[in-house]
Structure formats: structure tokens, C-alpha cells
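Peer 1: One letter stands for each residue in the lines below.
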Amino acid sequence: MSQENMTTSDPETTNTESDQLIDTDPGRGGLDESSGRGSVTSANTVIEARNVNVWYNDDQALNDIDMRIPKKQVTAMIGPSGCGKSTFLRCINRMNDLVDAARIEGELLFNGKNVYDSDVDPVALRRRIGMVFQHPNPFPKSIYDNVAYGLRLQGKTDNMDQRVEDALKSAALWDEVKDRLDESGTDLSGGQQQRLCIARAIAPDPEVLLMDEPASALDPVATSQVEDLIADLAEEYTVVIVTHNMQQAARISDKTAVFLTGGELVEFDDTQKIFENPESQRVEDYITGKFG
Amino acid sequence: MARLAYQERLENLREDVLYMGEIVGERLRKGLDALEQKDARLAEEVIEGDGEINRMYLDLEQDCIDLLALQQPVAGDLRFIAASFKIITDLERIADLATNLGGYAMEAEKDVFPDVDIQRLGETTLDMLEQSMNAYSSEDAEHCHDIADSDDDLDAMCEAASELVVRDLLESDPLDEDTNAESVMREVSRLLLTIRDIERVGDHTVNIAARTLYMIENNDELLY
Numbered sequence: 001m002s003q004e005n006m007t008t009s010d011p012e013t014t015n016t017e018s019d020q021l022i023d024t025d026p027g028r029g030g031l032d033e034s035s036g037r038g039s040v041t042s043a044n045t046v047i048e049a050r051n052v053n054v055w056y057n058d059d060q061a062l063n064d065i066d067m068r069i070p071k072k073q074v075t076a077m078i079g080p081s082g083c084g085k086s087t088f089l090r091c092i093n094r095m096n097d098l099v100d101a102a103r104i105e106g107e108l109l110f111n112g113k114n115v116y117d118s119d120v121d122p123v124a125l126r127r128r129i130g131m132v133f134q135h136p137n138p139f140p141k142s143i144y145d146n147v148a149y150g151l152r153l154q155g156k157t158d159n160m161d162q163r164v165e166d167a168l169k170s171a172a173l174w175d176e177v178k179d180r181l182d183e184s185g186t187d188l189s190g191g192q193q194q195r196l197c198i199a200r201a202i203a204p205d206p207e208v209l210l211m212d213e214p215a216s217a218l219d220p221v222a223t224s225q226v227e228d229l230i231a232d233l234a235e236e237y238t239v240v241i242v243t244h245n246m247q248q249a250a251r252i253s254d255k256t257a258v259f260l261t262g263g264e265l266v267e268f269d270d271t272q273k274i275f276e277n278p279e280s281q282r283v284e285d286y287i288t289g290k291f292g
Numbered sequence: 001m002a003r004l005a006y007q008e009r010l011e012n013l014r015e016d017v018l019y020m021g022e023i024v025g026e027r028l029r030k031g032l033d034a035l036e037q038k039d040a041r042l043a044e045e046v047i048e049g050d051g052e053i054n055r056m057y058l059d060l061e062q063d064c065i066d067l068l069a070l071q072q073p074v075a076g077d078l079r080f081i082a083a084s085f086k087i088i089t090d091l092e093r094i095a096d097l098a099t100n101l102g103g104y105a106m107e108a109e110k111d112v113f114p115d116v117d118i119q120r121l122g123e124t125t126l127d128m129l130e131q132s133m134n135a136y137s138s139e140d141a142e143h144c145h146d147i148a149d150s151d152d153d154l155d156a157m158c159e160a161a162s163e164l165v166v167r168d169l170l171e172s173d174p175l176d177e178d179t180n181a182e183s184v185m186r187e188v189s190r191l192l193l194t195i196r197d198i199e200r201v202g203d204h205t206v207n208i209a210a211r212t213l214y215m216i217e218n219n220d221e222l223l224y
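So the sequences go chain by chain: R and E. According to UniProt numbering, the stretch in the first sequence is residues 1 to 292, in order. According to UniProt numbering, the stretch in the second sequence is residues 1 to 224, in order.
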């Protein structure tokens, strides 16, 4: 993804959390640590989009998105297919960097630091902003190694057993797998695999968890378990979830963002407000099924 | 327009609630007529008809529960169903009060205090019921506030009527030697209960208006 017109963050203020996005490992390019500065956003905001526009070649996928995602809450993004909600999610931890045709303008701040600044290391960013995908994708390794993998990459090899156990407990999977940690992660049920992927994502202790339809491939029981888990995770992490299931968004989120066709963020408010009395008639029509 | 079957069920619910409102209005009218004419047959008709209203209420309650459980309504649809769910309870209670009027009509022997204009009070509540159901039907928020204002007038009229009964009772000395004291006291009690029940009908029409205002504007200012 190319970054045109990405503005530079305010150099007058510092933010120690954003410093951790700067890759100081000479083996990965050794970016300038002193440039790890960023504007300070409101205390409750962890991610802020400012006039974010995204194109895939000539097709605009996101249109002037302004949004503040609050810390340690669940923010759901809903909207019809092709509305740009997944694109926005993937912009947050620069997953769209992998798409050559994608181009972004505007600012996307994580703790006040623009994640598209040239000194931000995407790998370091993704350690702080983990991601869980629609289909569970455990590595063909043991349950233990699936969780330990990210920790080893970070060089966090001390107290590994405890770290793995903690992550599996946080993902509400420990009791089901504690006696078979050396079995393959791919032998677990779909719901267990997804919780294993969540354990893998939270093991490096990120601040934000991005979830792209994490329960859409699961049966109702496994979906309930993942939904319960999301509520628990929000006590420690900021969770941003894309879902096609509006009832799921209503059940589990604190805030809801409604994207509609053309990559437009039409309304962003408390979930209760969105589902009981939305401001926009277009949102009302969409969530009540009159849209289209 | 998507979810056509769902939209049709919502429309059916609206029509059924309006129909229940019409039937309840008819029962209230008959209850008042029975009182005025001391018509035992008409009073009996109102009392016996209450079972039909109760069944109608239970059917509509089930329709609301089904819509909530099966369609997961949100936003305006959710408020419409929630409001309808409450409104049918108020309609059912108005029908119960109409039944009370029928019962009073059957017990009535004479007008002990003809100065108390029960029919005027009753007509006011009938008008309020019609207006509240019109507001629900046409989603008219302004009308909802008018009904709340009308109830203030009705309360004042009912209070004045009750005072009139008490004052006349004290001043006219109906308990003289030629009068059957027990019969008079029964009639006075019946009259005061009639005034109280009519006042309660007014309260229920305000509830309907309040739920309608919530349905239209997510505005709870008329609720209590």
C-alpha cells in the first residue's frame, strides 16, 4: 500500500506508548527512535482516524473516515458487503500494506502516533495491534507452540510455560486443552481453534485486538463462547470487531460504527443508541432490513 | 424494501392494535350508555364481552413476543413493538374499567346526585381514547401532548365531581328519617367509584399517548 499525503503527527508532544511502534532493532532497519512522537489524543481514545480515504486502484473503498475508538471497549463495525468496514479494520494495523493496489490518505493514529509515519515498523505495530480472522488458522503445530510462536518471535522466552498458560486461560481454552498441549492445534474443534487463535493473538500482550468476523464460521455454541470471551477480553484489551451479524454487534459491543455503500461512515455512537434510536434514516433502514 | 414478510407482520400488528382500540372504545361507549339508561341488558353485554377483549390482548401479546424472539427488531421497529406491547395492556385495562361501569349500571337504582354529569366525564375519556389511538395510527407526536393536557382537565373535572358528591351528601341530608340510609350510601359509593374509574380510563389513555410518543421520537417525557 502506498501512502500519499499522509500528514506528519504533531511533533510537539510525546507519547511513550507509541515509541514502541518504532523498530529499534538494527536487524530490521533501525529507524530513528527519536522520531517516536505523536499528538496526544483524548485520554479515552486509543485509535483515531482523521480524514482517512482508501482506494484500490481507482475504486474508493473508504471515504473521509473520522472516528475515535475508545480504550478497553468493544467497538463493532457493521454494514453491507463492500462498504469498507474490513478495509478500515485492516488499515489499523497496516494489513493493507500487503495489497499493492491499495492507497491511503489521511491519518490513522494509535495512541496519538500515525501508524503510517515512515518510522513505524509494521511488524512492531502488529505486536501491539493483534488480529483474529474469520476462519480459524492455527499453525500445524502443537497447541503449546501455536501460542508460544509469537512470544519466541519477540524473544520473550522466559516463563514461557506460564505465558502460554495465561494466554490460554485468557482465551477461555485452558481447561479444555491443559492435558493435551502437545497435540496439534488443527485437531481442535472449530470453536476451540478460533479461541486458540485468540490466545495466540493475545500472548504477546497487545493493546488492541482486531477481529474480522471471528464467529461467522462457528456453530451457535462456539459463537456464544467467542462472544463471552470478547466481553471478558474488553476488560484488558481494546476490541474492534467487524461483523455481518447485527444482533451480534448489538449483543457484544459498546460502540457501533455503521458503514454504508461507498465507504462512508454514516453513524458512530453507543450501540444502544444505534439499535434503539439511530440519528440517520439510512442507518435505520439498514439495521431494520429495509435497505436495498 | 427487504424482509417483506416481517414488514407485513408489523403492519398486521399495527392494524390489530387499532382494531382492539376500536372495540375497547365501543365497550366504553356501551358502559356509559348502560349507566345513563340503567340498561341491564347493555350492561351485561359489556361484562360478558370482556372475555373477548382478554383473548384479543393475549393474542396480540403473543404476536409481540414472537416478533421480538424471531425477528430481533431494532430502532423504530423495536420501539413500535415495545410501545404496542404496553398499549394493549392499557387497552385491556380500559376494557376492565368499562366492565366496572357495566357492573355499576346493573346495581344502580336511582340518581342520588343528578348534578354530577357522569356522561360528560365519560365523553371526555372516549374522546381521549380516540385521540390517543389516532396519534398511534398516524404517528402524531403533537397529539400525544394534547392528550396529556386533556387528562389534567379530566382530573380537575373528576375532583370537582367527587367534591360535589361529598358536599351534597353533607348539605342535603339524604339520611333523614324517610330515607333508606344503607341504600343511599351504596349509591354514593357507586357514584364515587364510577368517577374514580372514569378518571383511571383517562390515565390509561395518557399511557397510550406516552408510549406512542416514545415510539415516534424515542421521547419518554410523558412516561410518569
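Any given hint could turn out to be false.
As the list claims (entries may be wrong) - Below, in silico cross-link-like pairs of lysine-lysine (BS3-like), each with a Cα-Cα straight-line distance of 30 Å or less:
1) R:LYS290 to E:LYS86
2) R:LYS156 to R:LYS72
3) R:LYS273 to E:LYS86
4) R:LYS290 to R:LYS169
5) R:LYS72 to R:LYS273
6) R:LYS156 to R:LYS290
Claimed, not checked - Over the 12 Å line for every Cβ pair with chain R, so calculated as not near, a few chain E residues:
7) ASP50
8) ILE65
9) GLU142
10) LEU223
As the list claims (entries may be wrong) - Quick partial rundown of chain E residues pointing at chain R, CB under 7 Å, derived from the structure:
11) ARG3
12) GLY76
13) ASP77
14) SER189
It is worth saying that the hints were derived from the structure and are not from the lab. Glycine is no exception: its CB is placed at the ideal position from the N, C-alpha and C atoms.
Peer 1: Flag every earlier hint the structure violates by its number, smallest first.
Peer 2: 4, 6 and 14
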